[in-house]
Structure formats: structure tokens, C-alpha cells
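Chain residues, written in single-letter form:
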Amino acid sequence: MAGRRPIIEIRNVDKYFGEFQALNDVSLTIHAGERVVICGPSGSGKSTLLRCINRLEEPSAGRLTVDGIELTGAKDTLRRVRTEVGMVFQQFNLFPHLTVLENLTLGPMRVRRISRSEATERARKYLDRVHIPEQAEKYPSELSGGQQQRVAIARSLCMEPRIMLFDEPTSALDPEMINEVLDVMVELAGSGMTMVCVTHEMGFARKVADTMVFMDEGEIVESSPPDAFFSRPSSKRCRQFLDRILEH
Amino acid sequence: MRDLIRRLTWLDVVLLAVVAAAVAWVGLRIQGTLNYEWRWEIIPNYLLRFDEQNGRWVANLLLQGLVTTVRIALYASVLALALGVMIGIGRTVKNLTVRMLARTYVELLRNIPPVVVIFIFFFFLSEQLIVAFNIEGWARGIAQGDSAGAWTFLFGDMRLFPSMISGVVVLALFESAFVGEIVRAGIESVGRGQREAAGSLGLSRVDELRFVVLPQATRRVLPPLANQFISLVKDSSIISLISVQELTYKTVELVSSTRAIFEAWITTALLYFVLCFCLSLLFRRLERQGRTEMRA
Ligand SMILES: Nc1ncnc2c1ncn2[C@@H]1O[C@H](COP(=O)(O)OP(=O)(O)OP(=O)(O)O)[C@@H](O)[C@H]1O
Ligand SMILES: [Mg+2]
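Protein chains in written order, with the working numbering: chain L, 1 to 248; chain R, 1001 to 1296.
No wet-lab data here; the hints were simulated from the structure.
Nothing false has been slipped in among the hints.
Simulated restraints, written as ranges between beta carbons of each label pair:
hint: 1; chain 1: R; residue 1: Lys1234; chain 2: L; residue 2: Glu134; range: 47 to 53 Å
hint: 2; chain 1: L; residue 1: Thr65; chain 2: R; residue 2: Met1086; range: 35 to 41 Å
hint: 3; chain 1: L; residue 1: Thr77; chain 2: R; residue 2: Lys1234; range: 49 to 55 Å
hint: 4; chain 1: R; residue 1: Leu1286; chain 2: L; residue 2: Glu134; range: 31 to 37 Å
hint: 5; chain 1: L; residue 1: Asn24; chain 2: R; residue 2: Leu1282; range: 57 to 63 Å
Examples of chain R residues toward chain L, derived with CB under 7 Å:
hint: 6; residue: Glu1196
hint: 7; residue: Ser1200
hint: 8; residue: Leu1201
hint: 9; residue: Leu1203
hint: 10; residue: Phe1211
hint: 11; residue: Val1212
hint: 12; residue: Gln1216
Glycine included, C-beta positions come from ideal geometry on N, C-alpha and C.
Just need the whole structure built from these sequences, with the hints factored in.
Here it is in C-alpha cells:
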């Protein structure tokens, strides 16, 4: 990734929930087009870090710059950043009272201010991209988990963000549906999108990651290219973690 | 009906027999001690009366009261809904002052007996406001104006308009606290994930509320709101205390002029019951319909 422009810069970020420190002096630079996979044990702060990037959580200290915009508390920077950063949640979080198509057009129409017909066209394009063009008129509850997650990905893509964040997108899915979602993510990675994925799908990580990040107890313990990361992790904690999840 | 009889077990028969015996026994005891002459025949006349002068049937005390009760319940519930939605939203916003104000309002109303609340509202608020806005004079003007007919249809006798308005306002303020709590619960029942998804698309807080939270909250809030509306109809009898001429007030009037205590109150109880029971059947039916539509 050398020579590329940094698109996310995280500098010495701390995050406290009351007394509890969820992030401890985290620094990380992510370049445009880079694909980062974050892993680590439960409670290590992976979600919190991801949520700081699009300001679902407010860092307690440190600096965060996304696409040249320094994230401060101000409302307009917040919304600007959120339109540039798409987020896919473990629990999909589709809007259950809206059809798939309406889920996809809401953001572009209200935030990007494009017309309904243009938004619909765009929505159909991204439904195609996630391989479910035929489900546009259904409600989320009528779809399988894998289909719902792909709709959620399409919903984020409809905002045409520069960065996509994924927070364990496959861990709420039945095993047979995991691959259909991962396939979509691999295709997305191939299109040059900047991606930050929290996941324990190591097969996927090996295939797409430019950088592997291992977190533990609120700290980034290790950050290296996948080759090095999987063959000779430098820290003991990381090695133990990998041994545990690669066993099965 | 046949089905129902066939489904009765011996336990049901025993229970029904016990209840019937108890009622009969109490009735007999009362007959013995209570020297009361039943005059049910006078009641129909107080529902509908034949007006000799105009030669047509007109509503008398009880029916007048019932109509006023329905009017007041309708207007008060619209007002209570508007206020309640604001309070409910107010209780969930980020701004601390707004939240505290909404909370104070709700807590005050929930922890003071309704009768006391109603007197306070009446004497400190509606009486003063009615004078301040000269509503009496305005109503008198209307009663003599051209469109008097339409106004009378909507609000009844315009001379009673000020009293009716204070009834509506007082009842609405009282019920709005409960509506507010229902609305808040509805908003909070929409999970955090929904708000986060809306936020991460870049929707503004207003859009998030308008397109994501409120539509979902509305569906969950309708059944409890329907119940609250029925409560409001029943609670409206309290405003007879501030001389609003609704059903309960009219019944008191009827009792004092005819002394037909039991007949009058039993009739009134029946009127309330029929009104509220019909409403609850209606709401239950609408709810069932709504549910099947949602599934489709
Ligand atoms: N809103 C919150 N309030 C209080 N504590 C929180 C909150 N969110 C997270 N935490 C705590 O912060 C720590 C890190 O949480 P986080 O969700 O980032 O972990 P994670 O690495 O994503 O774990 P998992 O793999 O279970 O998702 C946890 O100990 C969690 O209990
Ligand atoms: Mg997590």
C-alpha cells in the first residue's frame, strides 16, 4: 500500500465506558483501497474501535481523521463522515417496516437528496451486485439471514461510501449462509473499496486482507501483512488466539 | 349457543349456581331491609322526551349527558394525543432540559390523585385562561351568529362552551401524561440498532425519528393507546366535579330531581359500559385486522 493516501488516521485514541477502559492508546493508519481485518478475543474493543470510526461512539481522547475530515463533536462533520463511511452490523439492523427497496432508497433520497427514480435505479444496481435482484419488493422478515445481510450491505453501498466497515457480519448467520455473504465481500474487496472488517473468518482474511490487526484488552497488539501474521505472529497472546480459532 | 351449552362441565354448572344463589340471596336481603320503590318506568323519558311544542322527540338529560361525554372524550383524546406525543418524544431526546421538563410533568401527574389534579387545573388554569381569552364573550357571539347550527352540532349548547372547553383541556392535560408514557415506551421499544443503522447512513436526527423510529413505534403503540382512550372515556366522569354537564353530572341532576337513585345510576352504568365495551370490541377487531395486514 506504499505511496497511497491515508484515508483513516487513528492517533492515540482512548475510550472509557465509565471507569472501564475499552480502548487504550490505539493508533492505526489505513490507506485508500486497503483491506484491514481486525480480530481478537471477545471484549477486546474491536466493535468499539469500528464504532469510533463513524462516531457511533465518541472517543474519550485522541484524534481521528477520516477522508481528510477531522472528527470533532460538530454535527456537520459527523454527518459528512457518516455518509462517506458505510457500516454493516452483526444483527443486520434492516428497517423492518420498509421493503428491501425502501430500505435501500431511504438514505440516498434523504441524505444525498437524489430523486426517487434515480435512487430506485441505484438500489436495483446494488441488489444485482449482491445477487438478490428478485427480492426488491419483499420485507426483511421474509428473507433468510444471509439475504438480509446482503441487503444490509447493499443498503450501505447505495450511499456510495468510500469506506465500508463490517462488524462481524457473518457471526449471526447459519453456517450454510456464511459463504454467500463472504462471496459478496470478496467481490467488494476486488472492486478497490477501502474495507475494515471485524471477523473471525480466517479463510476470508487470508484471501482479501492487506493488513491483519490483532486486538486484546483495548490495545492493538499486532498489525502486519497476513503472511507474517499467520506464519510468525510476534506476540504470545496473538499466537495463542490464532491457535485457538484455527484449531477447528 | 348450542356449542356453548355442550362445552359446559359440571364445574361450570356448580359455579353458575353458586353465583346465582348469592345474587338472589343479596337481592332478598335488600328487599327486606331496603324500603325502596322501584320506578323504572320513568327512565326512558329521561333518555328521549317527546317535545309537545315542536312535536318531535328530543334528547333528555341522560342522552344529552352521553352525547357531551362522547364529544369531550373525542376532543380531549385528540388534544391528549398531540400533547402526549410531544411529551413522549421529549422524554427520549438528548437535550437534558427538555427531558427533565417532560419527566417532571409526567411524574407530577402520575403521583397526584386525579381529582386533585383536576381541581388544580380547573381553578388555576382553565378558569383563568377562559377569562383571559374572553372565551365566554366569543362563544356568545357564535351562538347568535349565522353558523350557530354547525357549532352546536360540534360543541353542543354554546352557552356551555366555556365549561366544556375547560373540561376538555383539563382531561387532556391529565391523560397526556399517560399517553406520553405510552409513546415513550413505544419509541424505546425500537431497538438501538435501528437508530444506529439510521445514523450510520447519515440520516439527521429528525429524519431518523420520522422515517425509522416513529413508524415502528406507532404500530406498537396503537393497542395501548386504544386502551388509554377507553380509560379516558371512563375518567371523563371526574370532570362532573367541575360542573361540566356530561353523563355523570346529568345523572346527579336526575337523581336530585327524581330521587330515583338506583334506576338512574344503573342506567348510567349501563350507558358507560355499552359505550366502552363497544369501543373495546371495535379496537380489538381493528387490531386483528392490522395484524393480518402486516403479515400479508
Ligand atoms: N456502551 C457500553 N457501555 C459500557 N461498556 C461497554 C459499552 N460498549 C462496550 N462496552 C465494553 O467495552 C468492551 C469492549 O467491547 P467491544 O464491543 O468493543 O468488544 P468486541 O471486541 O467487539 O467483543 P465481541 O467480539 O464480543 O463483539 C467490553 O468489555 C464491553 O463490555
Ligand atoms: Mg463486537
